[in-house]
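Enquirer: Just so you know, the protein sequences line up as chains B and Z, in that order.
Numbering-wise, the numbering used here puts 483 at position 94 of the first sequence, and it's gapless, one number per residue.
Numbering-wise, the numbering used here puts 587 at position 198 of the second sequence, and it's gapless, one number per residue.
Some clues are possibly wrong.
The following label-pair restraints were derived from C-beta to C-beta distances [unchecked claim]: (1) B:Asn-617 x Z:Pro-756: 24 to 32 Å; (2) Z:Gly-529 x B:Lys-653: 48 to 56 Å; (3) Z:Ala-706 x B:Asp-412: 50 to 58 Å; (4) B:Gly-459 x Z:Glu-667: 14 to 22 Å.
Dumping the calculated EDC-like pairs for lysine to aspartate or glutamate here, alpha-carbon to alpha-carbon at most 16 Å [stated by the list, open to error]: (5) B:Lys-507 x B:Glu-536; (6) B:Lys-391 x Z:Asp-730; (7) Z:Lys-678 x Z:Asp-730; (8) B:Lys-392 x Z:Asp-412; (9) B:Lys-528 x Z:Glu-490; (10) Z:Lys-738 x Z:Asp-687; (11) Z:Lys-528 x B:Glu-411; (12) B:Lys-608 x B:Glu-563; (13) Z:Lys-533 x B:Glu-490; (14) Z:Lys-608 x Z:Asp-641; (15) B:Lys-674 x B:Glu-695; (16) B:Lys-533 x Z:Asp-412; (17) Z:Lys-391 x B:Glu-573; (18) Z:Lys-391 x B:Glu-536; (19) Z:Lys-740 x Z:Asp-687.
In short, the hints are calculated from the structure, not lab data.
Just so we're clear, the structure is a prediction, and the values are computed from it rather than from any experiment.
Backbone N, C-alpha and C define an ideal beta-carbon position, used for all residues, glycine too.
There are 2 protein chains.
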Amino acid sequence: MKKFNIAKSRRLRSTPYSSRIEDQGVTSYTIYNHMLLPASFGSLEDSYHHLKEHVQVWDVAAERQVEISGKDSSKLVQLMTCRDLSKSKIGRCYYCPIIDENGGMINDPVVLKIKEDKWWISIADSDVILFAKGLAIGKGFNVKITEPDVNIMAVQGPKSFGLMEKIFGKKIAEMKFFGFDYFEFGGDKHLIARSGWSKQGGYEIYVENTKSGLQLYDKLFEDGKEFNVKPGCPNLIERIESGLLSYGNDMDNSDNPYECGLDKYVNIDSNVDFLGKEELIKYNKNGIKKKLMGVKIDIDNISISETIKIFDSNNKAIGELRSGVYSPHFKKVIGIAMLKDLNWDKSSKFKININGKSANGTVCDLPFI
Amino acid sequence: MKKFNIAKSRRLRSTPYSSRIEDQGVTSYTIYNHMLLPASFGSLEDSYHHLKEHVQVWDVAAERQVEISGKDSSKLVQLMTCRDLSKSKIGRCYYCPIIDENGGMINDPVVLKIKEDKWWISIADSDVILFAKGLAIGKGFNVKITEPDVNIMAVQGPKSFGLMEKIFGKKIAEMKFFGFDYFEFGGDKHLIARSGWSKQGGYEIYVENTKSGLQLYDKLFEDGKEFNVKPGCPNLIERIESGLLSYGNDMDNSDNPYECGLDKYVNIDSNVDFLGKEELIKYNKNGIKKKLMGVKIDIDNISISETIKIFDSNNKAIGELRSGVYSPHFKKVIGIAMLKDLNWDKSSKFKININGKSANGTVCDLPFI
Numbered sequence: 390m391k392k393f394n395i396a397k398s399r400r401l402r403s404t405p406y407s408s409r410i411e412d413q414g415v416t417s418y419t420i421y422n423h424m425l426l427p428a429s430f431g432s433l434e435d436s437y438h439h440l441k442e443h444v445q446v447w448d449v450a451a452e453r454q455v456e457i458s459g460k461d462s463s464k465l466v467q468l469m470t471c472r473d474l475s476k477s478k479i480g481r482c483y484y485c486p487i488i489d490e491n492g493g494m495i496n497d498p499v500v501l502k503i504k505e506d507k508w509w510i511s512i513a514d515s516d517v518i519l520f521a522k523g524l525a526i527g528k529g530f531n532v533k534i535t536e537p538d539v540n541i542m543a544v545q546g547p548k549s550f551g552l553m554e555k556i557f558g559k560k561i562a563e564m565k566f567f568g569f570d571y572f573e574f575g576g577d578k579h580l581i582a583r584s585g586w587s588k589q590g591g592y593e594i595y596v597e598n599t600k601s602g603l604q605l606y607d608k609l610f611e612d613g614k615e616f617n618v619k620p621g622c623p624n625l626i627e628r629i630e631s632g633l634l635s636y637g638n639d640m641d642n643s644d645n646p647y648e649c650g651l652d653k654y655v656n657i658d659s660n661v662d663f664l665g666k667e668e669l670i671k672y673n674k675n676g677i678k679k680k681l682m683g684v685k686i687d688i689d690n691i692s693i694s695e696t697i698k699i700f701d702s703n704n705k706a707i708g709e710l711r712s713g714v715y716s717p718h719f720k721k722v723i724g725i726a727m728l729k730d731l732n733w734d735k736s737s738k739f740k741i742n743i744n745g746k747s748a749n750g751t752v753c754d755l756p757f758i
Numbered sequence: 390m391k392k393f394n395i396a397k398s399r400r401l402r403s404t405p406y407s408s409r410i411e412d413q414g415v416t417s418y419t420i421y422n423h424m425l426l427p428a429s430f431g432s433l434e435d436s437y438h439h440l441k442e443h444v445q446v447w448d449v450a451a452e453r454q455v456e457i458s459g460k461d462s463s464k465l466v467q468l469m470t471c472r473d474l475s476k477s478k479i480g481r482c483y484y485c486p487i488i489d490e491n492g493g494m495i496n497d498p499v500v501l502k503i504k505e506d507k508w509w510i511s512i513a514d515s516d517v518i519l520f521a522k523g524l525a526i527g528k529g530f531n532v533k534i535t536e537p538d539v540n541i542m543a544v545q546g547p548k549s550f551g552l553m554e555k556i557f558g559k560k561i562a563e564m565k566f567f568g569f570d571y572f573e574f575g576g577d578k579h580l581i582a583r584s585g586w587s588k589q590g591g592y593e594i595y596v597e598n599t600k601s602g603l604q605l606y607d608k609l610f611e612d613g614k615e616f617n618v619k620p621g622c623p624n625l626i627e628r629i630e631s632g633l634l635s636y637g638n639d640m641d642n643s644d645n646p647y648e649c650g651l652d653k654y655v656n657i658d659s660n661v662d663f664l665g666k667e668e669l670i671k672y673n674k675n676g677i678k679k680k681l682m683g684v685k686i687d688i689d690n691i692s693i694s695e696t697i698k699i700f701d702s703n704n705k706a707i708g709e710l711r712s713g714v715y716s717p718h719f720k721k722v723i724g725i726a727m728l729k730d731l732n733w734d735k736s737s738k739f740k741i742n743i744n745g746k747s748a749n750g751t752v753c754d755l756p757f758i
């Protein structure tokens, strides 16, 4: 696979941590919400093993916040998601598919209820702020919509709990999954959630004060020595094994939440109003015609920059591979595919052409592990 | 300046031309509308000189189209831009600032009137489709909004006219600037506009049929030999010298069209309704407090990944540099800066700190050439 440089410019925004991670050895970037998001520090596989055993600090400032506040803020947030937020609580995070009037996915953020009339939508890679602004203007809602200067760093891995307790004390170790609270460091209060884009456990620190945030970044590496801390980033191997979906990779606006396996976040039986509700009721009644599934392929490497068609034994196209990576655990390539045939026999094989060579694969459920 | 690889994935979409330009020697990419946009083929300076003398073919598929059709399409397109489109004609392109309810820039596309009730908004780097969808839903407009599978290739440079006439005949040479029409190639009709993101002249081919589009791509290189054709891309040196603004680099949602020097596209005296009109009337009456200007800096190289502050002789911050590049023409760095002091004396010097070293600069008008 050929390698290409990224041409930096202000439009691909740096983060407050960029100069630090460049000193620490970041080797590749992706772009996410018009911002630099580290994609590797040397070997993906070394980083994967380290993440599963120790603790990493990640620059995930590219997870931008859309702040919605004001009298109609709850109404607007609810309008955008099929998840019923009527019983949501301050201090909790909610994974929420954002959908359009046809039920097509627009984003899959984590929504934080900050106050009764203030929300942060912690977004995947699409300009949700423009959708929110358009809706608010069109509906005449009384809301204020901004992108605050919040730059998340994540602390991920099994030893993240020990490291964070060392810095913030026992209270942070007792916080429940998808809870958030405020913790003092460097004279500032930082919102910290027990969350993150891995299944290895950890925290996300929503840094509003950059100065003390950078001090905290350095402190995590100082105090983290005994925990074997390293810089890291969302790891392609770990996230696919864990079945963490990536908007824009595994799903896009042409897919609805049922097709993405997000059924439990679709509350069509609730009383709340949201876009696409009628369409989703129809999909629920009539059934869907494609679905995201896991696949295993008998090859030892892959690099995906566009979808790759999947064929059955009669050479009929039955779907497309959207993400994939070599898994050291399964000792083959694993991936996430949108399959058209829902009656696919999980024990039978499919064919796929990778770099001009035919390979065999099998379908399986998500997550892999 | 350290170099970093781009981590490819489906989310950073390839274009139909990607495999061709990778064979032809593209060396760096930027990301634009979630898609790969080539940023260099080897030396920027060599490519700059070539573009000014010969002809280049560019993969600019990342200039995505937002198609708005239906009964209320004209109303929606007009609502989003401060440019009066009431007298717009089919077959013409219009440069249109898209602004929000505060007059803040959201994008600066070229709008093509395809039919009375069908428009293409050829966008810069932000998800205008989400803004349009939000507005249409909120207002209850009768429109259809899609991103059609259109992948633009540009033919740019002084010899583009000769090359295109060789392939398409005299009619294409007679087309006026910002006009468009349909031209036959490979059995398909292709929309071709006399436009492009350089000041060297040329065309943009809006390829809807990928198969004949790729044949046309190859034909341009075959027939282009006598014109010294080369693969290329929007050139940072040429675009800054020409004063072509880049959304996300030179301007963003915190700037209004007056501050960006786009006064002639702000039709506050027209009868048409658009978002932010009242705010723009106020700005026009009360004046603006910052403005995009050209700057020249006495150094011989620069690489910008975030804004750099500009100081006056009393060390007072008077603005920020947003784009910059070494210009072989001026034999110094030139750039585009947002300056807070509009009474800045154009003959006086400012100070700027680049890579830890202080440098001197002067302010000037845009474009440079």
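Enquirer: Any hints this thing doesn't respect? Which numbers, in order?
Expert: 1, 2, 3, 6, 11, 12, 14, 15, 16, 17 and 18
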